[in-house]
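Please model the entire structure based on the sequences and the hints provided.
Take a look at the letters that make up each chain.
Number of protein chains: 2
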Amino acid sequence: MHIDGFWAVVPAGGAGTRLWPLSRSGSPKFLHDLTGRGRTLLEQTRERLAPLAEDRVLVVTGERHRAAVRAQLPDLSAEAVLAEPSPRDSMAAIGLAAAHLERQAREHDQDLVLGSFAADHVITEPDIFQDAVRRAAAAAREGWLVTIGIEPTFPSPAFGYLQQGEPLPGGAGAHRVRQFVEKPSVPVAEEYVASGEYRWNAGMFVARPQVLLDLLAEQDPDFAATLRAIAAEPDRLGELWPRLPRIAIDHAVAEPAAAAGRVATVPGDFGWEDVGDFDALGSLLGDQDRVQVLGDGDAVLARDASGVVVPASGRTIALIGLDDVVVVDTPDALLVTTRERAQDVKQVVAALKERGRDDLT
Amino acid sequence: MHIDGFWAVVPAGGAGTRLWPLSRSGSPKFLHDLTGRGRTLLEQTRERLAPLAEDRVLVVTGERHRAAVRAQLPDLSAEAVLAEPSPRDSMAAIGLAAAHLERQAREHDQDLVLGSFAADHVITEPDIFQDAVRRAAAAAREGWLVTIGIEPTFPSPAFGYLQQGEPLPGGAGAHRVRQFVEKPSVPVAEEYVASGEYRWNAGMFVARPQVLLDLLAEQDPDFAATLRAIAAEPDRLGELWPRLPRIAIDHAVAEPAAAAGRVATVPGDFGWEDVGDFDALGSLLGDQDRVQVLGDGDAVLARDASGVVVPASGRTIALIGLDDVVVVDTPDALLVTTRERAQDVKQVVAALKERGRDDLT
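Residue numbers (the working numbering), protein chains in the order written: chain A, 1 to 361; chain B, 1 to 361.
Treat the hints loosely; a few may be bogus.
If we take Cβ atoms under 10 angstroms as the criterion, some of the chain A residues that face chain B in the derived model are [stated by the list, open to error]:
1. V122
2. R303
3. A305
4. S306
5. S313
6. I317
7. L319
8. G321
9. V327
10. D332
11. L334
12. L335
13. Q347
14. A351
15. R355
In short, the hints are calculated from the structure, not lab data. Glycine included, every Cβ here is placed at the ideal spot set by N, Cα and C.
Below, the structure written as structure tokens:
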């Protein structure tokens with residue numbers, strides 16, 4: 001049950017710093033199996049999109065990760081993995097794919113719609129996800145920039161939110177988006193959730209390639225023109241890419257377009273987790289009263305302990321008398337902290353960078 | 001200022017199970033630097049005894065550790081390191097040395113005194129220690145079995161105690177020992193300390209070799225006779241050793257001899273620590289509000305943390321938001337626990353043995 005003319009765009013970037021030392025710039029989060037299902041986040045993302053897009057998938061990743069991405073997704077052609085010469089945030093990554101698809105649509109007179117989905121999120125109910133994407137694609141064909149709004153399960157201060165407006169006429173459950181709001185404080189997030197009007201912005205955008213690029217052009221004509229120039233002459237990628245601004249698609253397009261009444265949303269009532277840190281990983285893995293092992297359970301001996309243990313070095317780990325602890329054991333670096341302090345892991349990475357330990361970060 | 005005719009006997013045994021994974025049967029506690037001074041406990045023991053015994057030192061250790069002991073104490077002759085064919089506890093180890101020394105005293109018509117001191121204790125004031133041994137040796141020449149009683153600094157339930165009796169006439173501070181008592185409960189230990197009559201039994205015994213063996217013979221004539229037979233015919237060690245009982249010198253000799261009024265004690269008011277577990281190691285290393293690193297401090301990045309970290313694998317260790325934590329990182333095994341649970345480390349070792357992981361224990 002694929003969607004006609006639907007292309008899945010998968011930006012695969014970001015070091016996942018708060019998941020250090022498992023995730024690093026050289027081996028980022030999306031290349032890891034963080035669910036214990038034997039499949040990496042990237043592999044799971046591709047599998048989730050296959051029923052919608054078949055082989056119409058474009059992964060956009062850094063030069064240094066291109067080989068790893070191709071190794072994990074051997075069914076994709078070489079052309080399906082676009083390499084960014086340097087990190088330029090999500091607008092450039094998704095915009096590059098959009099420019100290629102816009103060109104292809106014009107050359108072959110096709111009606112294409114693209115949907116962009118991060119390579120490192122976990123979705124526990126793929127059927128419901130696929131349903132939401134189908135509804136989003138239908139609205140996108142009407143010319144909307146469509147985002148999937150995740151039903152918030154708690155007042156998280158870690159995500160951006162979107163405010164839902166009136167239903168679209170004949171929009172099969174799609175609503176106008178009034179505004180996007182950045183990560184709120186917990187009290188504000190509580191108001192959002194209580195109001196029933198707000199949903200999490202999971203960065204899932206569905207649109208015609210031309211709609212997306214035209215919206216970008218309204219804000220930054222040079223940006224859109226440069227992306228279109230690269231699509232016209234792919235050999236100029238190395239020359240033109242460094243000129244692109246580093247900006248997220250949310251700020252570059254979604255926020256101004258929402259203010260102009262051009263964004264719609266469809267509800268996504270599936271389980272979603274961005275696994276931003278080891279606390280989130282603990283929630284994902286389950287039972288809070290036990291030690292959750294991501295990897296070989298036989299490598300861990302736990303007594304009177306709970307938390308998350310990642311044995312990724314082949315060594316035996318003994319854990320006694322600690323609750324909500326986080327132990328991540330890799331061949332060259334060890335992290336010991338608590339789920340409560342999971343956000344502070346990025347400070348360690350910053351400190352290591354200051355010390356010039358690029359080998360570890 | 002050595003003591004005439006004084007021999008230091010150093011039983012070097014015990015796996016130090018509660019210091020796993022640093023200390024193991026294949027690499028026991030006494031072979032490690034647990035003080036951060038760049039010298040192992042065995043090396044420090046030998047240095048502490050040198051002013052008293054010069055090169056009159058006998059180390060008694062297991063076959064498998066003989067090479068390591070000799071490598072750490074290169075100034076000792078091959079004959080100075082006695083190898084036990086199998087572990088037989090402290091009476092056999094010290095008794096073997098005593099039997100050799102008794103024989104030598106007789107053959108050369110010498111008046112010898114031996115003092116036995118564990119290879120894996122830490123003594124922070126060696127001058128005061130050496131003074132106590134001198135006074136103990138003087139009482140030993142009068143025919144006493146003399147033990148050095150450590151001034152207790154807190155009501156520890158982890159040590160045995162001895163009860164001091166009346167002063168010996170002309171004994172220069174030596175007292176009779178009324179009794180030895182096994183590890184008490186904390187309330188009982190509190191009474192002991194409050195009474196001022198009790199001291200810690202640190203297993204330091206000083207006596208003429210013949211006095212020690214005769215006291216043993218009173219309890220177990222075969223045991224003493226077998227030790228003397230080995231000293232007479234060293235080639236029979238392998239044949240006779242397995243017949244020896246596994247018993248501590250405290251039970252085999254000290255307790256019954258005290259009951260018979262044959263044991264004296266001199267006070268030892270020096271800093272003493274048996275470093276039995278990682279909590280004791282933490283106390284030894286100092287400041288309780290910081291992370292104490294035994295090893296390369298540059299390998300550890302700590303934030304809002306306190307406790308003991310042993311980086312013994314060359315890896316970088318990051319520690320965030322944990323108090324009184326214990327992290328011991330070796331090439332094949334990692335321990336994460338708290339100082340409070342330090343005693344339970346031996347349960348992990350037992351569990352690993354049950355799993356047949358002799359490679360790790």
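Consistency of the hints with the structure:
Proximity of V122 (chain A) to chain B is violated relative to the hint, the smallest CB-CB distance being about 24 angstroms (cut-off 10 angstroms). With its C-beta approaching chain B no nearer than about 7 angstroms, R303 (chain A) sits inside the 10 angstroms limit, and its interface hint holds. At a threshold of 10 angstroms, the smallest CB-CB gap from A305 (chain A) to chain B is about 8 angstroms, leaving the interface hint in force. The restraint placing S306 (chain A) at the interface with chain B is violated, with a minimum CB-CB distance near 13 angstroms, outside the 10 angstroms limit.
With a cut of 10 angstroms, the hint placing S313 (chain A) at the interface with chain B holds, because the nearest CB-to-CB distance is about 8 angstroms. Hint status for I317 (chain A) relative to chain B: holds, with the closest Cβ pair at about 5 angstroms, below 10 angstroms. Interface hint status for L319 (chain A): upheld, as the beta-carbon distance to the closest one in chain B is roughly 5 angstroms, under 10 angstroms. Satisfaction of the interface hint for G321 (chain A) is found here, the shortest Cβ-Cβ separation to chain B being roughly 4 angstroms, below the 10 angstroms cut-off.
For V327 (chain A), the shortest C-beta to C-beta distance to chain B is roughly 5 angstroms, which falls under 10 angstroms, so the interface hint holds. Interface hint status for D332 (chain A): upheld, as the beta-carbon distance to the closest one in chain B is roughly 6 angstroms, under 10 angstroms. Restraint check, L334 (chain A) versus chain B: the minimum CB separation of about 5 angstroms is within 10 angstroms; hint holds. Checking L335 (chain A) against chain B by beta carbon gives a least distance of about 5 angstroms; that is within 10 angstroms, so the hint holds.
At its closest, the beta carbon of Q347 (chain A) sits 7 angstroms from a beta carbon of chain B; the interface hint therefore holds under the 10 angstroms criterion. Using the Cβ-Cβ criterion of 10 angstroms, the hint placing A351 (chain A) at the interface with chain B is satisfied: the shortest such distance is roughly 6 angstroms. Interface restraint check: R355 (chain A) against chain B, minimum CB-CB distance 9 angstroms, threshold 10 angstroms, status holds.
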